[in-house]
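Model the full structure from these sequences, guided by the hints.
Those protein sequences? They're chains E and G, same order as listed.
Each step along the first sequence adds one to the number in UniProt numbering, with nothing skipped, and position 99 is 99.
Each step along the second sequence adds one to the number in UniProt numbering, with nothing skipped, and position 234 is 234.
Incorrect hints may have been included.
Claimed, not checked - Some chain G residues judged to face chain E by a derived CB distance under 8 Å, without partners named:
| no. | residue |
| --- | --- |
| 1 | V106 |
| 2 | F109 |
| 3 | Q148 |
| 4 | T149 |
| 5 | G152 |
| 6 | W153 |
| 7 | D155 |
| 8 | M160 |
| 9 | G161 |
| 10 | R166 |
| 11 | L168 |
| 12 | H247 |
| 13 | A248 |
Calculated directly from the structure, the hints in this document are not laboratory data.
Since the structure is predicted, the reported quantities are computational estimates derived from the model, not experimental observations.
Idealized CB from N, CA, C, for every residue including glycine.
In case you want the letters, here they are:
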Amino acid sequence: MMAPPPAIRLEGVGLDFGAAPLFRDLDLCFGAGIMTVLLGASGVGKTSLLRMLGGLVMPDYGRVAAADGQPLAGRVAWMGQQDLLLPWATVMDNVMLGARLRGDRADRGRAGRLLDCVGLSSRAAALPGTLSGGMRQRVALARVLYEDRPVVLMDEPFSALDSVTRARMQDLAGRMLAGRTVVLITHDPLEACRLADRMLLMSGHPARLDAMGVPAGAVPRAVDDPGVLAAQSVLLRRMMQ
Amino acid sequence: MTGTAAARGMRLLRPAVTLAGLLAAWWALACWGHVPPYMLPGPDAVARALWTQRAQLAPAAVTTLEETVLGLVLGIGAGSVLAIGMAVCAPLRRWVMPMVLLSQAVPVFALAPLLVLWFGFGMASKVVMAVLVIFFPVTSALGDGLRQTEPGWMDLARTMGATRWRVLVHVRLPAAMPSFASGVRMATAIAPIGAVVGEWVGASSGLGFLMQTANTRFQTDLMFAALAVLAAMTVLLWWGVDRALAHALYWLPRHADVD
Chain E
1 MMAPPPAIRL
11 EGVGLDFGAA
21 PLFRDLDLCF
31 GAGIMTVLLG
41 ASGVGKTSLL
51 RMLGGLVMPD
61 YGRVAAADGQ
71 PLAGRVAWMG
81 QQDLLLPWAT
91 VMDNVMLGAR
101 LRGDRADRGR
111 AGRLLDCVGL
121 SSRAAALPGT
131 LSGGMRQRVA
141 LARVLYEDRP
151 VVLMDEPFSA
161 LDSVTRARMQ
171 DLAGRMLAGR
181 TVVLITHDPL
191 EACRLADRML
201 LMSGHPARLD
211 AMGVPAGAVP
221 RAVDDPGVLA
231 AQSVLLRRMM
241 Q
Chain G
1 MTGTAAARGM
11 RLLRPAVTLA
21 GLLAAWWALA
31 CWGHVPPYML
41 PGPDAVARAL
51 WTQRAQLAPA
61 AVTTLEETVL
71 GLVLGIGAGS
81 VLAIGMAVCA
91 PLRRWVMPMV
101 LLSQAVPVFA
111 LAPLLVLWFG
121 FGMASKVVMA
131 VLVIFFPVTS
141 ALGDGLRQTE
151 PGWMDLARTM
161 GATRWRVLVH
171 VRLPAAMPSF
181 ASGVRMATAI
191 APIGAVVGEW
201 VGASSGLGFL
211 MQTANTRFQT
221 DLMFAALAVL
231 AAMTVLLWWG
241 VDRALAHALY
251 WLPRHADVD
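In structure tokens, the structure reads:
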């Protein structure tokens with residue numbers, strides 16, 4: 001059904017943000033079909049990196065490309081810090097937004113099944129303003145899944161949620177996005193340890209990326225998994241340095 | 001919690017009390033203020049004029065209402081087209097915007113005699129006048145709304161492979177609607193000014209024309225009556241437009257009462 005997810009390569013990439021050099025000659029590969037989690041302090045350039053992957057920002061030099069040689073455009077789904085739901089459109093129409101914006105025929109049946117998967121089939125006709133923050137993020141996740149793209153880029157998608165809702169969203173996203181090439185930005189060490197197949201810690205100007213140890217077990221890992229908890233404290237200590 | 005019925009009662013009561021107070025002050029001034037009736041007729045005289053002159057007032061009000069509504073429709077249409085054009089086509093904005101600003105620098109009152117000369121004593125010159133005062137608030141409000149689309153939505157639309165026009169229709173225009181609505185509300189409040197100014201300068205009917213004639217004949221009570229009709233008409237028109245907009249923008253929270 002979905003084309004096999006590609007790995008994404010950055011080759012000799014450089015990017016400035018105003019006067020600040022964010023990246024210099026950066027070489028990096030995001031593995032195919034796995035969840036890569038990016039951590040790092042605010043302002044280090046995580047969002048800029050993600051925007052380059054999504055084709056929203058062009059690097060000043062160097063190349064961002066899919067490893068299979070096909071163009072990345074049209075194969076990427078985006079989930080931002082805010083849910084970005086259109087307040088005038090129903091939940092159902094928000095899920096099918098991509099189809100409407102491309103002029104494709106909207107598939108209500110599939111959108112309905114995805115809403116069912118995220119537990120919101122009873123709210124299909126509701127307006128986003130009537131939903132809780134957690135529900136809104138689930139609609140945003142259903143919108144990503146409706147796009148059915150092999151690459152999914154997520155910029156702190158759960159940061160605004162309370163911790164219980166966030167843990168539930170991590171379970172849901174971890175399950176639903178399995179098998180895709182996912183890049184997830186987060187500030188939350190627990191989230192990183194639950195969801196990462198591969199973990200990269202970003203620091204410095206220009207940014208350097210260090211691979212961190214990842215707990216054993218398949219994503220999404222349990223919140224009370226001893227391996228997750230141990231890795232979380234190691235990670236937090238490292239981030240505090 | 002006093003309940004919403006009580007709150008609504010208060011909301012209607014407050015302007016009623018204010019209005020009654022102003023009327024009482026006016027009446028007192030007319031009765032005991034040694035002001036001759038040709039300068040300030042009492043509210044009773046104005047009420048009498050409203051009734052006895054209804055055969056003149058009603059058709060005049062209809063004329064002014066027609067000019068105002070036609071001006072509103074055309075002005076909002078022209079203002080919207082201009083705003084959308086400038087939003088999608090940057091060169092158009094650079095070429096046209098200075099002209100738009102210039103058009104607002106010339107007072108419409110100064111243009112009135114010229115417009116009557118060009119478009120005649122009939123309805124056309126008044127409609128053009130109304131359009132001239134209306135289109136700028138609409139253009140500027142809708143233009144602001146279109147420029148301030150949430151950047152996250154634009155990013156999302158780009159990754160979805162959206163076309164420019166579809167983003168405009170499905171994202172940017174609906175997102176600009178609250179801003180557009182404030183422009184339309186303002187246009188509704190000032191549209192009758194355009195029409196009445198046109199009627200003052202040269203017309204054969206309408207509330208402005210009636211006021212002008214009454215003024216030359218020292219029928220001050222009729223002048224006040226025409227003014228009252230104009231005010232009532234403007235308030236009703238504004239209220240109707242406001243309700244229609246609130247209905248059309250169903251996703252916005254109802255305006256909270258600001259106390």
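Violated hints, by number in ascending order, as checked against the structure: Hints 1, 2, 3, 4, 11, 12 and 13 not satisfied by this model.
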